[in-house]
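Listed here are the chains, written in short residue letters.
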Amino acid sequence: SAVISQKPSRDICQRGTSLTIQCQVDSQVTMMFWYRQQPGQSLTLIATANQGSEATYESGFVIDKFPISRPNLTFSTLTVSNMSPEDSSIYLCSVEGQTSGNTIYFGEGSWLTVV
Amino acid sequence: AQTVTQSQPEMSVQEAETVTLSCTYDTSENNYYLFWYKQPPSRQMILVIRQEAYKQQNATENRFSVNFQKAAKSFSLKISDSQLGDTAMYFCAFAYSGNTPLVFGKGTRLSVIA
Numbered sequence: 019s020a021v022i023s024q025k026p027s028r029d030i031c032q033r034g035t036s037l038t039i040q041c042q043v044d045s046q047v048t049m050m051f052w053y054r055q056q057p058g059q060s061l062t063l064i065a066t067a068n069q070g071s072e073a074t075y076e077s078g079f080v081i082d083k084f085p086i087s088r089p090n091l092t093f094s095t096l097t098v099s100n101m102s103p104e105d106s107s108i109y110l111c112s113v114e115g116q117t118s119g120n121t122i123y124f125g126e127g128s129w130l131t132v133v
Numbered sequence: 177a178q179t180v181t182q183s184q185p186e187m188s189v190q191e192a193e194t195v196t197l198s199c200t201y202d203t204s205e206n207n208y209y210l211f212w213y214k215q216p217p218s219r220q221m222i223l224v225i226r227q228e229a230y231k232q233q234n235a236t237e238n239r240f241s242v243n244f245q246k247a248a249k250s251f252s253l254k255i256s257d258s259q260l261g262d263t264a265m266y267f268c269a270f271a272y273s274g275n276t277p278l279v280f281g282k283g284t285r286l287s288v289i290a
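Residue numbers (my numbering), protein chains in the order written: chain R, 19 to 133; chain X, 177 to 290.
Think of the hints as simulated: they come from the structure by calculation, not from any bench. Some hints could be false.
As the list claims (entries may be wrong) - In silico SDA-like links for lysine to any residue, alpha-carbon gap of 25 Å or less:
(1) X:Lys246 - R:Ser60
(2) X:Lys282 - R:Val80
(3) X:Lys231 - R:Glu76
(4) X:Lys254 - X:Ile225
(5) X:Lys282 - R:Glu76
As the list claims (entries may be wrong) - Each pair of labels, with its calculated beta carbon distance range:
(6) X:Ser250 - R:Thr97: 20 to 28 Å
(7) R:Gly58 - X:Phe240: 18 to 26 Å
(8) R:Gly34 - X:Gln190: 23 to 31 Å
(9) X:Thr194 - R:Pro89: 43 to 51 Å
(10) X:Pro216 - R:Pro103: 20 to 28 Å
(11) R:Glu72 - X:Gln190: 23 to 31 Å
(12) R:Gln59 - X:Ala248: 21 to 29 Å
(13) R:Gln42 - X:Pro216: 39 to 47 Å
Just so it is clear, the structure is predicted and the values come from calculations on it, not from any experiment. By construction, the Cβ of each residue, glycine as well, lies at the ideal position given by its N, Cα and C atoms.
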C-alpha cells in the first residue's frame with residue numbers, strides 16, 4: 019500500500035484567493051496524479067506530475083489556474099488559483115503503491131469550499 | 177479512449193443480504209487493471225478490490241468479489257453479507273498500469289438498510 023497525506027483536509031476560501039494543497043507520500047513514486055471531484059460527480063483527472071518535468075494537464079485544465087510543483091519523488095503541490103465558487107470541490111492526489119504494484123491509492127482528499 | 181460505465185446511479189440492499197453493482201468498460205487494449213473504490217461520507221477513496229485483465233480468476237477480498245468477463249468487458253462487484261458500514265458511493269475504474277491515470281465511472285450510491 020501507500021500512505022498518502024494531504025493538507026489541508028478541508029478549507030473555506032474567499033473568492034479570488036489561491037490555495038495550495040500538499041500531497042506527501044511515504045515512499046518514492048514516479049508519477050503523482052491530481053483529481054478533482056465536483057459535488058455529486060465522479061473524479062476527473064486534472065494533471066499528471068512527474069518529478070523533474072512539468073506537469074501534463076488534461077483538456078479543460080490549465081497551468082495558470084492549477085499550477086503544480088513536484089520538487090522530489092515523495093511530494094507534490096497543487097494550487098487552485100483565483101478561486102471562484104465553481105472551484106468548490108474535493109481535490110485528491112493518488113499514486114501507485116510501491117509494495118503492491120499496479121494498485122493505485124488516494125490521499126484523504128482536500129475539500130475546498132469557495133464563498 | 178477508454179470509458180467506464182456504471183448504469184445504476186443508486187441501489188439499496190437489506191443488511192446481511194447480497195448486492196451486485198454493475199460496471200462495463202471499453203478499451204482496445206489487452207492488458208489493463210480494473211478497480212472498485214468505495215467513497216464513504218468522509219470522502220476518502222478506499223480501494224475495495226483490484227483485477228488484472230490477464231488473470232482469468234475473479235478477485236476476492238473477504239465479503240467482496242468480482243465477476244470479470246473480459247470478452248463482454250464487464251466487471252461487476254458483489255458484496256455479500258452487506259453491513260451498514262458498506263453504505264457509500266462505489267466507483268468502478270480502469271487503468272493500463274499503476275503509472276497511468278484512472279478513468280472512473282459515474283458511481284453507484286449504495287445504501288444498506290437495517
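Results for each hint:
1. X:Lys246 - R:Ser60: Answer holds: Lys246 (chain X) to Ser60 (chain R) is near 24 Å, not above 25 Å.
2. X:Lys282 - R:Val80: Roughly 24 Å between the alpha carbons, so the hint for Lys282 (chain X) and Val80 (chain R) holds.
3. X:Lys231 - R:Glu76: With a Cα-Cα distance of about 31 Å, the restraint between Lys231 (chain X) and Glu76 (chain R) is violated, given a limit of 25 Å.
4. X:Lys254 - X:Ile225: Given pair Lys254 (chain X), Ile225 (chain X) holds - Cα atoms ~11 Å apart, limit 25 Å.
5. X:Lys282 - R:Glu76: 18 Å, holds
6. X:Ser250 - R:Thr97: 20 to 28 Å: 40 Å, violated
7. R:Gly58 - X:Phe240: 18 to 26 Å: Between Gly58 (chain R) and Phe240 (chain X), where Cβ atoms are some 25 Å apart, the hint holds.
8. R:Gly34 - X:Gln190: 23 to 31 Å: Given a distance of about 49 Å, which is not inside 23 to 31 Å, the answer is violated.
9. X:Thr194 - R:Pro89: 43 to 51 Å: 48 Å, holds
10. X:Pro216 - R:Pro103: 20 to 28 Å: 25 Å, holds
11. R:Glu72 - X:Gln190: 23 to 31 Å: 51 Å, violated
12. R:Gln59 - X:Ala248: 21 to 29 Å: 27 Å, holds
13. R:Gln42 - X:Pro216: 39 to 47 Å: This hint is violated: roughly 23 Å between Cβ atoms.
In the structure shown, a violation is registered for the earlier hints numbered 3, 6, 8, 11 and 13, in ascending order.
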